[in-house]
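Enquirer: Residue numbering for the sequence shown follows the numbering used here, beginning at 90 and increasing consecutively.
In case anyone wonders, no lab produced these hints; they're calculated from the structure.
Note that the Cβ used here is the ideal one computed from N, Cα and C, for glycine as well.
There's no promise every hint is true.
Claimed, not checked - Okay, the calculated beta carbon distance ranges per label pair:
id : residue 1 : residue 2 : range
1  : LEU132    : VAL109    : 20 to 26 Å
2  : ARG106    : LEU132    : 24 to 30 Å
3  : ASN134    : CYS111    : 30 to 36 Å
4  : GLY137    : GLY102    : 38 to 44 Å
5  : ARG133    : ASP101    : 31 to 37 Å
6  : VAL131    : ASP101    : 18 to 24 Å
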Amino acid sequence: QDLWVELFRPSDGKMARFPVRCRIDNQTEIDYLLAGGVMPYVLRNLAGGGGAPAPEAIAAE
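Hey, can you work out the whole structure from these sequences and the hints?
Expert: Listed below in structure tokens is the structure:
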């Protein structure tokens, strides 16, 4: 899947935007994607909420 990355460059105060391709190779990466990223996945696991949202939550989006 093609996505866009947007980043802020503190050195000159400008935003940069460029295309990237998302590649998912295994179930762990799917879990990260469904959780909204690695950090949300880790934080949900630390909080006891599980890494990825329930399938019914995804269907509601």
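Enquirer: Take the hints in turn and mark each one as holding or not.
Expert: Now for the hints, and whether the structure bears them out:
Range check, LEU132 to VAL109: Cβ separation about 23 Å, and the 20 to 26 Å hint holds. For the pair ARG106 and LEU132, the beta carbons lie near 27 Å from each other, so the given range of 24 to 30 Å is met. Restraint check, ASN134 to CYS111: a C-beta distance of roughly 22 Å breaks the suggested window 30 to 36 Å. Taking the beta carbon of each, GLY137 and GLY102 are about 40 Å apart, inside 38 to 44 Å as hinted.
Under the hint 31 to 37 Å, the C-beta atoms of ARG133 and ASP101, about 35 Å apart, fit the expected range. Hint check: VAL131 to ASP101, Cβ distance near 32 Å, so the stated range 18 to 24 Å is violated.
Checked against the numbered hints above, the structure breaks hints 3 and 6 and satisfies the rest.
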